[in-house]
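Undergrad: Below are the chains, spelled out letter by letter.
Number of protein chains: 2
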Amino acid sequence: MSDTKVYRASTTAPVNIAVVKYWGKRDAKLNLPTNSSLSVTLSQNDLRTLTTASCSSTYSGDDSLLLNGEPSDISGARTQACFRELRARRAALEAADASLPKLSTFPLKIVSENNFPTAAGLASSAAGFAALVQAIANLYELPDSPSELSIVARQGSGSACRSLFGGYVAWRMGDKEDGSDSKADLVAPASHWPSMRALILVVSAAKKGVSSTSGMQQTVATSGLFKSRIETVVPANMALMEDAIKNRDFAKFAEVTMRDSNSFHSTCADTYPPIFYMNDVSRAAIRAVEAINAQAGKTVAAYTFDAGPNAVIYYLEEDAATVLGAFAPLVASTDGWKDGSATNATVKLDEGIASTIKEGVSRVIMTGVGEGPQKTDEFLIAEDGSPVKR
Amino acid sequence: MSDTKVYRASTTAPVNIAVVKYWGKRDAKLNLPTNSSLSVTLSQNDLRTLTTASCSSTYSGDDSLLLNGEPSDISGARTQACFRELRARRAALEAADASLPKLSTFPLKIVSENNFPTAAGLASSAAGFAALVQAIANLYELPDSPSELSIVARQGSGSACRSLFGGYVAWRMGDKEDGSDSKADLVAPASHWPSMRALILVVSAAKKGVSSTSGMQQTVATSGLFKSRIETVVPANMALMEDAIKNRDFAKFAEVTMRDSNSFHSTCADTYPPIFYMNDVSRAAIRAVEAINAQAGKTVAAYTFDAGPNAVIYYLEEDAATVLGAFAPLVASTDGWKDGSATNATVKLDEGIASTIKEGVSRVIMTGVGEGPQKTDEFLIAEDGSPVKR
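Order-wise, the sequence lines are chains H and R. Using the UniProt record's numbering, you'd call the opening residue of the first sequence number 1 and step up by one each time. Using the UniProt record's numbering, you'd call the opening residue of the second sequence number 1 and step up by one each time.
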């Protein structure tokens, strides 16, 4: 009798925001980076991808992915690489144990949803590929560790490898040509330093900038300053950042975070033609953080920017009132502000900075450090293989 | 009988805009730079300082400077260094020839005026110190060459040393501790490549940024990328730029100009805390130049930015219609646009870029390469030593 069962597994996966940035590939096919990087995994209460992977001998046709309700093209080399790698690992298990169902031979049907609007302008590919890989690994019952799975996720989207862990996560660049040592590892779990918070100022950009994949290729090829970033600046920042996290030293964490963001965007601006992700609103957010720290008399906030104008501001729960108090008059009426947030309006921002932020920030996300992928019984695919209506 | 004559001499001096930027001092007292730089001297028809230097035994009190009608503080170390150096050179002449009047012992009275509004936000210190030094050198009848005088002007304001020459001018950083080899020399006179034009888009900045003197000190002290700029990027750019000028190769001139401006501003943004001179209007000007070159099918325009948001756009007279045609719809109604400029509206700019420029540019300056300081009989001080009413 043939196996007509629909096999299913679900996972969530988090977004991560780097404090030492990934920018530059030494191998574009394998997504091998020119430098190591380090990130904070953000809480899935606020930002997460939920993915159900399923397979069945009854499925006809090719593998498929439904992403936020829309069929998604999975023919790209990166997605294909993830499927291929995971199937190979399953096939090895099946070869070793004949009693296992031959899931590796069945078509995959995957359904994935984010709990945050695309309009937030957050790079969702990290959470997306991490969830995709973890869900299929769960479906296939692979024994691989998160670090081993991160090698697969990395081939989907570089920074996705860091979303296989919660807390504070390093992506070690490695030096092998096949990328087998270019993977994520845990610097510290969220429980080591649980009071880390993030306020994301979502800035409406007139137009989407250069994609990060093509942007980083251009930087590697044309920036005269890039070499010193990857050879000198980043290795120093990685060491400083790991120390800062291990010692829960926020002042050091903040300084390295801000310097590394500046360094990354400087190499973008040194690209030819130059790449600008930050705009005048982003720069006003930098000035606001500087003013908050100056008026607080100590470092209580740190800015960082990915490949876009949004400001991510890290701070500790104990300084929430000071940091949120400075921004509340400007953004508390936008989507995403959590009512009841403790605020203390001791910090006074310059008029021009305040009005630039007030006019330029369209919504906020208030979150903090969080856990890695979580297996869940919430399925986006029903037992009969059909997508769950939501 | 005592000498009661008022001795006078006048000169004009030009503004220069660097195409390989000066940013960083290795000796702040002597204004010795961390790298060589290269500039285009702009026409004095549009931008110049006129300075009359005078001295007389009948003058009482200290040296004085009237700048644009206002008494100016000359007690600063830099101005004092210029006065001291020039007096020493005069004193040496007087010691060698007893028949010379002892001008070095008389108080100096100096009057200086710019022919452009301070509101233009152009660094006037280069033209100002070049005119000051040249006027006193004329007054003292010093035999020093422009290159020798550039050593004096450099001590007033680094980039002033390049305004002692017309045309295309290099400031060689030198390596001596006393700065005696850190001086300007002529790469090519204006007549070598007379068709070079400059369109300056004057951008209204909300607030003056960090001064260049303190800014460059901070960059040297804190930017992790700066070392590679001065050790690798600038030496390469200097060599490429000199070749480009010698061969009148505008495409190469333009690429190095744009890359070097980007590199300079990148090291500013990599300073901690970061220094931003450019704003969204500046970046729109960059995108406009890129669009002009792309649509022209060849490089006809080059942007560069000093320590402020103004865009300086270099182009050749033969491409005036194309370059000016792209900007005319946006800025032809502002102060400074020269009616009758040949324009050809073949270039179409993106809506967002066009509106950002139209809203953000408050005036323009249309000029070109020009000559160095010119001795003149136009005096800002009358024969009796009083300032001329104008």
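Keep in mind the hints are simulated off the structure, nothing from the lab. A portion of the hints provided could be inaccurate.
All copies of an identical chain are treated as equivalent in the list; a pair is satisfied when it fits inside any one copy or across any two copies.
Stated by the list, open to error - Here are the simulated SDA-like cross-link-like pairs (lysine to any residue), alpha carbons at most 20 Å apart as the crow flies:
1) K246 to A382
2) K102 to E255
3) K348 to G308
4) K358 to N279
5) K389 to T376
6) K252 to E85
7) K389 to E351
8) K25 to G308
9) K298 to R84
10) K5 to P194
11) K348 to A239
12) K102 to S191
13) K375 to H192
Undergrad: What are the numbers of the hints the structure violates, in ascending order?
TA: 1, 2, 3, 6, 7, 9, 10, 11, 12 and 13
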